[in-house]
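So the sequences go chain by chain: A and B. Residues 5 to 751 in my numbering are what the first sequence spells out, letter by letter. Residues 5 to 751 in my numbering are what the second sequence spells out, letter by letter.
In case anyone wonders, no lab produced these hints; they're calculated from the structure. Among the hints, a few may not be true.
Note: identical chains are not told apart, hence a pair may lie in one copy or across any two.
Heads up, simulated EDC-like pairs for lysine to aspartate or glutamate below, C-alpha to C-alpha not over 20 Å straight-line [said to hold, decoys possible]:
id, residue 1, residue 2
1, Lys486, Asp595
2, Lys490, Asp595
3, Lys746, Asp272
4, Lys588, Asp550
5, Lys230, Glu297
6, Lys614, Asp156
7, Lys486, Asp610
8, Lys46, Glu181
9, Lys602, Glu491
So the chains spell out like this:
2 protein chains.
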Amino acid sequence: MFRSLLNFSLSLLLTGSISAQSMPNAGQTLLGFSAENIAAQKALEKKFDASLKRENLREWLKRMSARPHHVGSPHGKDNAEFMLALFKSWGYDAQIEQFDVLFPTPKTRVLEMLAPEKFTARIAEPELKEDATSNQQSEQLPVYNAYSADGDVTAPLVYVNYGVPADYEELEKRGVEVKGKIVIARYGGSWRGIKSKVAAEHGAVGCLIYSDPRNDGYFQGDVYPKGAYRNENGAQRGSVVDMPTFPGDPLTPNVGATKNAKRLDRKDATTLTKIPVMPISYADALPLLRTLEGAVVPESWRGALPITYHFGGTERTKVHLKLEFNWDIKPIYNVIAKMKGGERPDEWIIRGNHHDAWVNGASDPVSGQVALLEEARAVSELVKSGWKPKRTIIYCAWDGEEPGLLGSTEWVETHAAELKEKAAVYINSDSNGRGFLGVGGSHTLEKFVNEVAGDVADPQTKISVGQRWRANELINGSPNAKRDAKERGDLRIDALGSGSDYTPFLQHLGIASLNVGYGGESGGGSYHSVYDSYDHYIRFGDPNFDYGIALAQTAGRMTLRLANADVLPFEFTNFADTIGIYIKEIMTLADTMREDTKAMNRMIADGTLKAVQDPTQIFIVPKPKSEVPFLNFAPLHNALATLQESAKNYQTAAKDKSSPSAQKQLDAILMKTERALTSQNGLTRRDWFKHQIYAPGFYTGYGVKTLPSVREAIEQRDWKEAGEQIEIVAKTIANFAAEIDKATRLL
Amino acid sequence: MFRSLLNFSLSLLLTGSISAQSMPNAGQTLLGFSAENIAAQKALEKKFDASLKRENLREWLKRMSARPHHVGSPHGKDNAEFMLALFKSWGYDAQIEQFDVLFPTPKTRVLEMLAPEKFTARIAEPELKEDATSNQQSEQLPVYNAYSADGDVTAPLVYVNYGVPADYEELEKRGVEVKGKIVIARYGGSWRGIKSKVAAEHGAVGCLIYSDPRNDGYFQGDVYPKGAYRNENGAQRGSVVDMPTFPGDPLTPNVGATKNAKRLDRKDATTLTKIPVMPISYADALPLLRTLEGAVVPESWRGALPITYHFGGTERTKVHLKLEFNWDIKPIYNVIAKMKGGERPDEWIIRGNHHDAWVNGASDPVSGQVALLEEARAVSELVKSGWKPKRTIIYCAWDGEEPGLLGSTEWVETHAAELKEKAAVYINSDSNGRGFLGVGGSHTLEKFVNEVAGDVADPQTKISVGQRWRANELINGSPNAKRDAKERGDLRIDALGSGSDYTPFLQHLGIASLNVGYGGESGGGSYHSVYDSYDHYIRFGDPNFDYGIALAQTAGRMTLRLANADVLPFEFTNFADTIGIYIKEIMTLADTMREDTKAMNRMIADGTLKAVQDPTQIFIVPKPKSEVPFLNFAPLHNALATLQESAKNYQTAAKDKSSPSAQKQLDAILMKTERALTSQNGLTRRDWFKHQIYAPGFYTGYGVKTLPSVREAIEQRDWKEAGEQIEIVAKTIANFAAEIDKATRLL
């Protein structure tokens with residue numbers, strides 16, 4: 005998992021009283037299924053559940069995480085071949101599909117403080133006797149950030165909090181210069197790649213990213229090996245490629261990184277960082293941070309180290325950072341296993357999880373991968389017993405996810421034309437743990453997800469995972485989530501930003517996608533560390549593989565229903581409802597920015613802002629910002645009204661029986677509806693991203709931006725662009741509604 | 005100061021643009037003054053300002069904080085005599101008024117950990133070479149909590165966060181037993197005396213209170229002597245007497261502790277703690293806290309020590325606490341200095357600050373005391389130049405504030421009858437520092453305070469202190485405070501809870517009171533420590549005594565205007581507005597409790613609450629609470645309507661010229677209006693507190709509870725009592741309105 009589970013966001017299942025209520029889908033209706041086929045499907049799922057074996061998960065997880073298996077490693081290739089053999093043994097048409105990608109590994113890593121005292125950072129995670137695989141130093145990738153620039157820099161050190169744009173505004177107000185300095189940012193608040201990108205934009209010459217114990221260490225819980233959390237030497241490897249511009253091999257944007265693909269020269273690759281970047285542990289960060297002088301940072305910037313946090317940036321603290329990498333092209337191995345559909349073989353249900361890790365990766369990604377394998381095995385058992393899916397099922401084990409979704413992106417780019425024709429839905433999983441179901445994805449599948457969540461039992465509480473999800477929203481949700489959980493029939497699924505392999509499917513090609521996993525009760529700080537090991541996972545992850553089985557049941561049900569339904573189970577009223585919320589959000593965003601700008605400009609002009617500052621501290625009054633005009637949101641409202649109407653008409657019509665002969669014809673339209681949400685020109689300044697509803701944020705990384713071209717234009721205060729994008733997005737939504745109408749006409 | 009400035013709450017001055025606006029009271033109107041007398045008053049104030057000398061403040065502060073001057077100390081008596089001499093030299097009719105009070109000092113203090121390892125707490129603040137008075141160990145009161153019980157207990161240790169009732173609810177849910185244990189609470193979240201009271205209520209046998217660096221230490225800023233904040237050995241002395249029941253000498257409730265007063269037997273004294281209590285530093289707390297086992301505490305409970313915080317309470321950590329005290333009766337010395345009024349000598353304007361400290365007390369209380377002295381000196385200069393106040397001015401320097409407002413309370417109780425007749429207004433100050441004006445008090449004086457704040461220039465920014473106060477509200481205030489600062493002509497003053505010497509005046513006798521001071525930019529952690537020294541104060545407090553002069557100008561203006569006005573400058577529309585807010589608050593409180601109770605009871609009944617818990621952790625589902633009935637708030641609304649009408653009528657009438665002959669008669673009514681806000685029966689279960697609008701919270705300590713008898717009945721879920729108290733408070737408000745009407749009839 006490219007993305008940290010630390011901020012595992014749970015969003016939203018079914019109505020009312022938990023104990024009083026029976027499982028909601030016990031036989032009445034099932035989205036996409038004719039009444040006469042429901043019982044057979046339910047029986048099939050029961051059989052499927054019964055054949056799932058937790059011992060397989062344990063055995064495979066131990067085997068696959070037994071050695072480091074990053075891109076280019078012997079054990080990585082071995083794992084791919086192991087899975088290939090399994091798929092073949094289960095009767096899948098399976099193969100390994102290789103790509104050749106740029107994957108830098110460290111040659112030189114030096115971090116030392118030259119002043120006010122000498123200190124050399126350890127940048128290593130030591131062996132622990134409680135962790136059997138932590139001693140495999142010769143095979144481990146050291147602590148580093150992939151796609152960092154080479155560099156040899158010596159400069160004063162500045163603390164920049166999370167290193168997001170707002171933090172640099174604060175530094176400017178406090179008169180702290182970043183240009184020519186090395187910044188130290190803490191993990192959290194954004195995806196790591198944003199930190200180095202924004203640091204470079206502000207003229208920093210180097211970037212350190214450390215795990216503060218406030219976010220990822222003893223503040224959260226007991227540290228490893230006593231507890232699950234990151235210990236003082238734990239560090240978080242990870243990619244800093246500019247994924248929000250495009251993921252995949254930096255040298256082959258838009259095309260597959262096949263052997264003979266045309267490659268960019270490395271100097272022309274736009275997604276590589278401009279400055280050297282390295283992650284460090286809090287044991288390595290503490291000696292540096294405690295020497296910083298200057299003003300004390302704002303309260304929200306302070307971590308849990310036993311020091312007073314200062315901005316630094318003065319000549320007192322001098323740091324030397326030297327990084328050199330082997331810029332090699334390495335092979336990656338995707339495992340692709342097909343089970344051809346009987347009735348509609350050219351409609352594909354794709355189910356994927358990555359298999360590469362930063363080190364041993366027991367949780368990330370093997371915990372998800374082994375659930376996928378067991379799901380695939382149980383599906384093959386059904387086939388052996390005589391059942392055959394209507395549609396084709398394709399299981400994928402991606403390589404190279406960690407450096408930047410390499411395996412999935414290159415595969416999607418290579419097969420783009422065929423996928424656009426045949427892919428109905430992509431279902432992704434990644435790390436998995438104990439706790440609550442979390443689902444993100446296309447809101448055309450929200451109702452479908454709710455049905456599935458109502459039919460899987462939570463292993464710990466025996467209520468459905470949907471009911472437990474709802475309970476969590478009711479108690480721990482935001483005020484809006486609480487209200488929805490109380491009043492709305494369906495729980496809301498998250499919108500997808502990025503951070504795992506759904507991105508090329510959803511955001512590049514417009515294939516309806518879901519990302520599924522459990523978590524929230526298997527906290528800890530092993531993410532991207534040598535301590536993400538079998539030993540850690542069976543103590544703190546999912547000791548009995550209960551949630552591995554739950555994931556196989558959940559994603560397996562999704563796969564089986566999607567593969568078997570009479571008509572693809574898309575539904576559009578929930579999508580329309582969601583779009584309505586996004587439109588409200590961006591209007592509120594503009595209104596709030598308008599009021600805040602006015603208020604701040606007034607306080608700058610009349611001296612209020614200056615008047616409250618402590619005159620003994622530096623404070624540079626910011627320049628007033630341009631006023632926020634009123635934007636014409638009417639095109640979006642008109643498009644939304646059309647969409648609502650179309651969605652309702654389809655819902656009403658779908659209640660009538662569709663003639664069996666028309667189902668295939670209907671599928672052909674439905675499977676491509678999500679494509680209508682893309683635009684060939686893509687997003688402004690990053691045209692690889694085609695989806696007009698969901699994208700990772702340009703300045704948040706994983707964090708999703710919905711209606712991204714409008715929202716980001718507003719956030720960047722480009723009013724002209726915002727107005728243009730409103731028109732484009734409105735047209736996209738109207739086109740989408742027209743596709744729904746086409747489907748309705750077939751009913 | 006009995007109360008910590010750490011949570012210095014600034015609440016609210018005048019309209020619009022700071023730079024564009026001139027000082028608002030430049031000559032137009034002045035509350036209480038006829039138009040023809042305004043210019044003379046302004047000229048007088050100018051003369052007053054001109055005679056203030058910062059060198060006096062520096063010299064006196066250095067002199068008074070040169071040695072420890074707690075109750076019973078030689079230097080405390082010496083300071084009283086020094087001030088007496090000063091007042092006399094300035095022409096005041098001054099005397100020392102002695103009381104004899106119970107004041108325990110430590111004989112034995114032992115805190116040791118017996119298991120899992122041996123550790124003996126230092127409980128001492130070491131000498132620092134940067135702090136000249138920190139070496140006066142032989143005269144210093146050691147680190148202790150006054151009025152702790154004697155005790156010798158050995159028990160497991162439990163961490164209870166702030167030790168307020170809600171924390172014990174959490175402990176109960178987590179299955180952590182407190183009975184028979186020693187609790188360790190961190191400072192903050194409530195007044196310290198609440199921590200030991202609530203601990204004892206839950207069966208704890210001992211209580212430690214430590215300064216967590218999150219609230220009071222390196223998390224906040226650099227520690228002493230590098231910076232102003234509490235270092236690892238700094239500890240906070242302080243009283244744990246049950247002040248919300250009654251302040252003053254525990255042996256003489258309601259009567260003055262004169263030589264021959266009838267005293268309670270110590271065993272019958274209800275305000276003494278039931279268990280031994282001691283404050284400790286974070287260096288002493290860390291070894292204890294890091295041994296605690298059990299579950300990890302909720303995030304909001306975690307401090308800034310470099311450990312994972314656990315509940316503890318198991319047999320693993322055993323602590324031995326032994327405390328013995330000398331339970332002596334000690335003399336205290338109030339200095340009372342009168343300047344008799346010319347025209348209305350039986351109307352008293354009383355101005356006080358305490359002079360006793362826990363150790364050297366440069367900030368607390370000497371910084372406020374020296375501003376009062378300089379104010380008194382400047383007033384005497386005016387008198388020497390031929391001016392005479394209309395009303396009598398009484399300057400008071402209280403002793404024994406720190407242990408429990410002893411000096412002021414005993415004086416007020418002794419002179420209660422005369423004070424009820426003659427006291428018009430009491431103005432209090434205490435610690436003072438650099439920053440923003442903060443004022444709390446009777447809202448009948450809110451308009452008056454706003455006028456004064458508009459006429460004092462902020463020494464750092466040159467705008468008025470009112471304008472700076474408003475700027476601070478606009479930028480740092482709560483959403484309501486921001487809106488008020490933008491839209492309301494007058495800034496809101498705080499309601500007074502307790503924590504300094506206004507309490508007996510305001511809450512026992514119903515004398516309109518104000519508490520005035522500057523702060524917010526002189527942060528630090530010297531409160532109740534040996535490091536509250538001259539050296540600390542001139543580096544981090546108010547190095548140039550700018551804000552000492554500003555306090556003298558502010559409180560001096562208040563005193564001079566109150567003493568000199570044609571009619572006492574009370575105003576009632578702001579008071580009515582405030583009461584309206586309080587009524588809304590308690591209605592919202594009941595509504596919120598009703599909804600929360602319903603929602604929680606439902607989640608308990610239907611299993612939602614249990615469903616979201618991690619089954620590997622202990623969680624005891626709480627019992628459902630009784631439903632919250634709808635209360636009849638109509639009596640309060642009716643009383644409010646009457647009050648609004650009366651306030652408006654007085655405001656309209658007051659604009660007409662009052663005949664000079666009627667002014668004295670009018671004063672006689674006005675000065676007693678606040679008395680009408682008291683009830684002779686006092687508050688339920690604590691009848692010393694007579695005021696029906698303002699009281700310290702029974703379970704918050706200093707934190708104010710407005711409309712306390714109603715609010716606390718609701719909080720304690722006593723619906724019958726809430727209904728009864730609504731009637732009583734409504735009558736009180738109606739009686740108050742009737743007093744205003746009497747005044748109006750004289751106009």
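Status of the hints after comparison with the structure:
In the homo-oligomer, the alpha carbons of Lys486 and Asp595 lie at most 20 Å apart only across protomers (18 Å), although the nearest pairing inside one protomer, at 25 Å, exceeds that limit. Taking the shortest Cα distances, Lys490 and Asp595 sit within 20 Å of each other only across copies (19 Å), while inside one copy they are farther apart (28 Å). Taking identical chains as interchangeable, the C-alpha atoms of Lys746 and Asp272 are never at most 20 Å apart, the minima being 44 Å within one chain and 87 Å between chains. Taking CA atoms no more than 20 Å apart as the test, Lys588 paired with Asp550 passes in neither setting, with 40 Å inside one copy and 51 Å between copies.
For a Cα distance limit of 20 Å, the shortest separation of Lys230 from Glu297 across copies, 12 Å, qualifies, whereas the shortest one inside one copy, 34 Å, does not. For the identical chains of this complex, Lys614 and Asp156 are neighbours neither inside a copy (40 Å) nor across copies (55 Å), given an alpha-carbon limit of 20 Å. For the identical chains of this complex, Lys486 and Asp610 are inter-copy neighbours only, at 16 Å across copies versus 41 Å inside a copy, given an alpha-carbon limit of 20 Å. Taking CA atoms no more than 20 Å apart as the test, Lys46 paired with Glu181 passes in neither setting, with 64 Å inside one copy and 48 Å between copies.
In the homo-oligomer, the alpha carbons of Lys602 and Glu491 lie at most 20 Å apart only across protomers (16 Å), although the nearest pairing inside one protomer, at 37 Å, exceeds that limit.
Of the hints listed earlier, those the structure fails to meet are numbers 3, 4, 6 and 8, in rising order.
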